[in-house]
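Going by this note's numbering, the first residue of the sequence shown is number 1, and it counts up by one from there.
Heads up, a few of these hints could be off.
[To be verified] Dumping the calculated BS3-like pairs for lysine-lysine here, alpha-carbon to alpha-carbon at most 30 Å:
{"no.": "1", "residue 1": "K107", "residue 2": "K464"}
{"no.": "2", "residue 1": "K371", "residue 2": "K269"}
{"no.": "3", "residue 1": "K29", "residue 2": "K8"}
{"no.": "4", "residue 1": "K420", "residue 2": "K461"}
{"no.": "5", "residue 1": "K408", "residue 2": "K464"}
{"no.": "6", "residue 1": "K382", "residue 2": "K26"}
{"no.": "7", "residue 1": "K269", "residue 2": "K29"}
{"no.": "8", "residue 1": "K458", "residue 2": "K26"}
{"no.": "9", "residue 1": "K458", "residue 2": "K29"}
{"no.": "10", "residue 1": "K20", "residue 2": "K43"}
{"no.": "11", "residue 1": "K269", "residue 2": "K293"}
{"no.": "12", "residue 1": "K366", "residue 2": "K116"}
{"no.": "13", "residue 1": "K26", "residue 2": "K43"}
{"no.": "14", "residue 1": "K26", "residue 2": "K191"}
{"no.": "15", "residue 1": "K308", "residue 2": "K191"}
In case anyone wonders, no lab produced these hints; they're calculated from the structure. No experiment lies behind these values; they were computed from the predicted model shown.
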Amino acid sequence: MSWDYVIKNGTLVTSNESFKANIYIKDGKIAAISDQPLEGEAKTETDATGQYVLPGLIDVHVHSRDPGPTYKEDFFTSTQAAAAGGITTIFDMPNTTPPTRDAASFKAQVANLTPKAHVDFGIWGIALGPMNNANLPELHEAGVIGFKYFWGYAVNKNTFQLTYNYKPGMTDVLPPLSDGEVYEIFQNVAKTGNVVAIHGEDSSLIQTLTEQVKKSGRTDYDALVESRPNLAEEVTVQMGAAFSRASGARLHVLHVTTAEAADAIRRAKAQGAPISAETCPHYLFLSNEDYPKVGPVMKIYPLVKYEKDKKKLWEAINDGTITIVSSDHAPHTPEEKAGSLWEIPAGMPGIETMAPLMLNAVNEGKLTLQKLTALMAENPAKRFGIYPQKGSLEVGTDADITIVDMDKETVIKAENLHSKSKVTAYDGWAIKGVPVETIVRGETVMKNGEIVHAPLGKVVKPNK
1 MSWDYVIKNG
11 TLVTSNESFK
21 ANIYIKDGKI
31 AAISDQPLEG
41 EAKTETDATG
51 QYVLPGLIDV
61 HVHSRDPGPT
71 YKEDFFTSTQ
81 AAAAGGITTI
91 FDMPNTTPPT
101 RDAASFKAQV
111 ANLTPKAHVD
121 FGIWGIALGP
131 MNNANLPELH
141 EAGVIGFKYF
151 WGYAVNKNTF
161 QLTYNYKPGM
171 TDVLPPLSDG
181 EVYEIFQNVA
191 KTGNVVAIHG
201 EDSSLIQTLT
211 EQVKKSGRTD
221 YDALVESRPN
231 LAEEVTVQMG
241 AAFSRASGAR
251 LHVLHVTTAE
261 AADAIRRAKA
271 QGAPISAETC
281 PHYLFLSNED
291 YPKVGPVMKI
301 YPLVKYEKDK
311 KKLWEAINDG
321 TITIVSSDHA
331 PHTPEEKAGS
341 LWEIPAGMPG
351 IETMAPLMLN
361 AVNEGKLTLQ
371 KLTALMAENP
381 AKRFGIYPQK
391 GSLEVGTDAD
401 ITIVDMDKET
411 VIKAENLHSK
421 SKVTAYDGWA
431 IKGVPVETIV
441 RGETVMKNGE
451 IVHAPLGKVV
461 KPNK
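Using the sequences and the accompanying hints, generate a full structural model.
As structure tokens, then:
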């Protein structure tokens, strides 16, 4: 017997255990796992002594901007950044130009992204209400990983592009959906059995409060938070949870930021709603108190909130209320992030720094390595129907593997990011615990921080 790849002497980590073993890879699959050496020559071998071998990490929330404003980012660079950060599969968001709104645009997006992909990828479909309700079944059959509804956004009826600040009389722009139209999305997605994900902020409330706060002339970060308060997330998550429970739609709440939303999700789960939730590193490691040091780079929607929220999010992770951590990778150029706080775009790169930040948190005792594996591999794969092919270390599944060194120390530097945008809130942060090898279907894509493989990624579709 010959092996394509052997990873020996590592400590394998799943969501509930760690154990020393060797992994044997053949034809892109995990062919054997053994605590004793197996016979046969290996074409490639890695000695993982002192290191931890995790199922390939998954990022369910990525904006690669492709097609669209690719001067900020494209799929080639976003997937390089993913691999550099230990990520083996990403889910790309549908608010591209054009958006992924029907089977034809899904097929076109697969063709566009595949030649650029350094990791495997799923594709979100967009839910626009009456504009594409009829297309949701064909999108599901085509293989979207889920449907995203941008709660409260208006839509250009010609280009299908989203806008947040709707005003009556806007040419060619349809107003945000009514509650009834949103509920109809939930009903239609429920019929497919797929997941509907929401950006949970009440746009009408935000517009009213923004006008009130701006009249004061304030330009500080806390003023911005007052214009997009915890209440805006709380009421939307509560409504989404109620719609999920009533319709049977499997709801996923994106980028949870507040204690109130976490409490609402916990209650909804207790009441039997088919709901899951994610949060992101910027909500776990930053608060409004960091703005004087970090500056406008920190503007992300939903906004980074308060210390009390950060504390409650960690509690929600550790009690199982929040089951996924994602990056919400959303690059903008340094020039775009340097203007007025009220006017600059929201978002920053996060895919490359997510795993190092979370591994550092393991070393700080905030969570276990098993919990990290659940949050960033097993739970995403199970929720979105790609387990055990992804997110596991089981014989016969894709050999997607992230090897991490929990003792290795480094400093995050913006200039070293693989994204086009060299913008991060974590520039200069000291980290202990980093991914040292990213393996996608048996092929090493990243080794010791360097991209060592040409694009090889394939589209991933949920199990039917």
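Results of checking the hints against the structure:
{"no.": "1", "hint": "K107 x K464", "in the structure": "holds, 18 Å"}
{"no.": "2", "hint": "K371 x K269", "in the structure": "holds, 19 Å"}
{"no.": "3", "hint": "K29 x K8", "in the structure": "holds, 16 Å"}
{"no.": "4", "hint": "K420 x K461", "in the structure": "holds, 27 Å"}
{"no.": "5", "hint": "K408 x K464", "in the structure": "violated, 41 Å"}
{"no.": "6", "hint": "K382 x K26", "in the structure": "holds, 24 Å"}
{"no.": "7", "hint": "K269 x K29", "in the structure": "violated, 35 Å"}
{"no.": "8", "hint": "K458 x K26", "in the structure": "holds, 18 Å"}
{"no.": "9", "hint": "K458 x K29", "in the structure": "holds, 15 Å"}
{"no.": "10", "hint": "K20 x K43", "in the structure": "holds, 22 Å"}
{"no.": "11", "hint": "K269 x K293", "in the structure": "violated, 37 Å"}
{"no.": "12", "hint": "K366 x K116", "in the structure": "violated, 36 Å"}
{"no.": "13", "hint": "K26 x K43", "in the structure": "holds, 10 Å"}
{"no.": "14", "hint": "K26 x K191", "in the structure": "violated, 39 Å"}
{"no.": "15", "hint": "K308 x K191", "in the structure": "violated, 38 Å"}
Checked against the numbered hints above, the structure violates hints 5, 7, 11, 12, 14 and 15; every other hint is satisfied.
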